[in-house]
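A.B. asks: Residue strings, one per chain:
Protein chains: 2
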Amino acid sequence: MTDTVAYLDAHRERNLEELFDFLRIPSVSAKSDHDAETARAANWLADRMREAGLGAEVLPTDGHPVVLGEWREAGPDAPTILIYGHYDVQPAEPLELWSSPAFEPEIRDGRVYARGSADDKGQLYMHVKAIQALLETTGSLPANVVVVAEGEEEVGSPNLVPFVERMRDRLAADVVVISDSAMFAPGQPSLLFSLRGLAYVEVHVSAAKGDLHSGAYGGAVPNPATELARMLTTLHDAAGRIAIPGFYDDVVEWSEETRSAIRALDFDEEEFRAGVGSPGLHGEAGYSTLERLWIRPTCEVNGLLSGWTGEGAKTVLPAKAMAKVSFRLVPDQSPARVAELMEAHLREVAPPWVRVEVKELHGGNPWKADPSGPLFEAASVALEEAFGRAPVIVGEGGSIPIVGDFERILGCPALLVGFALPGCNMHAPDEWFTVENYERGTTSLCRLYGELAERLGSAG
Amino acid sequence: MTDTVAYLDAHRERNLEELFDFLRIPSVSAKSDHDAETARAANWLADRMREAGLGAEVLPTDGHPVVLGEWREAGPDAPTILIYGHYDVQPAEPLELWSSPAFEPEIRDGRVYARGSADDKGQLYMHVKAIQALLETTGSLPANVVVVAEGEEEVGSPNLVPFVERMRDRLAADVVVISDSAMFAPGQPSLLFSLRGLAYVEVHVSAAKGDLHSGAYGGAVPNPATELARMLTTLHDAAGRIAIPGFYDDVVEWSEETRSAIRALDFDEEEFRAGVGSPGLHGEAGYSTLERLWIRPTCEVNGLLSGWTGEGAKTVLPAKAMAKVSFRLVPDQSPARVAELMEAHLREVAPPWVRVEVKELHGGNPWKADPSGPLFEAASVALEEAFGRAPVIVGEGGSIPIVGDFERILGCPALLVGFALPGCNMHAPDEWFTVENYERGTTSLCRLYGELAERLGSAG
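Top line first, the protein sequences correspond to chains A and B.
So in this note's numbering, spot 151 of the first sequence is number 152, and the numbers just go up one at a time.
So in this note's numbering, spot 25 of the second sequence is number 26, and the numbers just go up one at a time.
Computed list of lysine to aspartate or glutamate pairs in DMTMM-like fashion (alpha-carbon distance at most 25 Å, straight line): (1) B:315 to A:203; (2) A:210 to B:312; (3) A:369 to A:333; (4) B:360 to B:406; (5) A:360 to B:312.
Calculated from the structure, these hints are not laboratory results.
Please read these numbers as outputs of a predicted model, since none were measured by experiment.
Kindly produce the complete structure, drawing on both the sequences and the hints.
C.D. replies: The structure is reproduced here in structure tokens:
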């Protein structure tokens, strides 16, 4: 590793300049008038992969192409590491809120400011540079490596699952490494141990066949808005727990070890509260804010609509009311089961004088890693060496369905190790990524491949 | 009265033709491009009043003028009857839903179809024709008579209260007679004994300073939509009663006599339910549908808005939620007091982790008549003679603030006697008014003036 670290040190400037070139390409997947730029980013990346020593192909999909990089010289008996990232970026709008142009990267205070610097070009390109450093200095990689870089992550990855299913044999791997998330704090390397799943439903309550005059009919004809509010109120109990019968049946309790690790994190609830600007925080009794966000399921009203919502005092008795309600799920909850329990519960609590319709809109499985297994062990060694500090475990309240998809289709576990920092403005103006994490992270990845190969080789 | 009835019978055709002329003028007060027509209707009406034997003036206001008709020859010691009506009409749109053009009156099945036939040109013009019949056949009226016909009722009467206040002395009267409502059923004359008041508020609940990602923040940051639903649920108890402390303090219990009279009405709850198209009816326990609509207060959600209400599954944790809530009030509730109790209640039940703002939008006082007093007695005699059936008492769930305004400013009671029929499409396409009620009603009004004069003369 000494030579590899020296090589990376010697090529700091080049590695940064190349990243700048990558960031200058406005590969905004959501905008069809940017399609040529998105394609250019794919080709640029394939060229850089080839320079790094990977075989690279730009493979078409029904949308933007997948860039596939491969190095298979470790041989069929060696383990295979699959690396996933994406070369597309969010739109940069509103442009006027950027301090420097979104696609003209600039370093200020040790941060690279540009759209995609953190999400995910910077983090994806670290892998390419790590692979190159190892190949240039050791002539080989400690495992077979496959890089899958998609161009549609920011539009929901509509073609990724079909791609992975179609290429299942070629993508067969022992681990999927993903660098598209954040560290808990500056200087504090982090390993993601949980992602919440999602079950999203739309609830429609109706009574009269049309809106009525609230004077002429109010008091005698059911009010769907009132009934919907009452139904929504039954979703939680006084302790902030979800009161749908059976909801917690499949919820796995996390080990005391994991809960202790979360409690040990340097997290200031008051700072968090002030940051979101709420008069207070509120959630399930008996759990801390981080636990509520990472390891406990939720039920949130995402939208409400009924009757007159414009200006002034329209005296309407609404004929219908709608709520969007979503659940964040934790292992081993299933979106379909939760949607089913929700519908059964609403039908149970709905009064006979209204109609209720429940539509299932969207679902995604929760995911969790084993913080005591070989993947975290390998990553801990690699990260501690590069950052001078052992990683902490962090959860993610949101959902990244592709993680579960990779595990399901390829039958191998995922390892999520990210290098962005809190407040890095992913999806917002002035997105940034620190030069320090770009460089230290690359070093850590060189070591990570070896640590993983060692453990997966003996396991596989 | 024999001569007067014979006179009306002899002039049936003329009285109907004149009404048709009135209905042909599209005096749509809401449309400024119809202002010339609205002015033409006022002048036409003043001319007809003069022909009937009234002194008539078209008096300007800040909006459409008031037509004032007067006959004061009964002398200063005789009682004065003030008649209120309006010559403006609702817009006729959607025009394509009319079976015959809105401003080309046509008789089908004994009904005059035209905009304004029931609301209120037909009912207002009956008074003019009754006055004319009495003057032509008896040479006088049994009391001094003042007719106030406004041209802005369909736009909320913005200039009526200032007009009445300014003209307080000239409009001084012993009773205000208003014919702008409906009978309970065909052939069943009716007297309005109650109008509900209104208190309308807008409730805003907020937490975070902006919308958040429901995955990244859900479960730990308060959800204003959930909290608003919970707050709205506290507004009623399980028996459908309003659960705001103090809400019923000022509610007058109606006499057993009034409740018996309501119960005696031929009202089919199942037919009503099927008519509104709701799976069931619901309201305050212990009261019938008509009681819930006429003599009991209500609390209705008129509108709900929060978060994402468009298509699909946007995972937003809303920063705010809004509800429009209105109360229909009964004597002796006051809009200001109810809005105050509502705000105090919401502040009491709101959790400390959200902000609550309550805006008072609109208010109107409830009204009730004394069904056992001299006005109902006079009207009963007059209506029974004309329709061959004693009138029933009916309530109105909606609010007509001007009734209370007249009583307050002029210090005299109001008598609401209407001749439209249920289903007559006021404010809708194919508005109609029966020829039978136009004619019988006019006869009943001739008698009503006398019966009122007799009772008010001795009372005043």
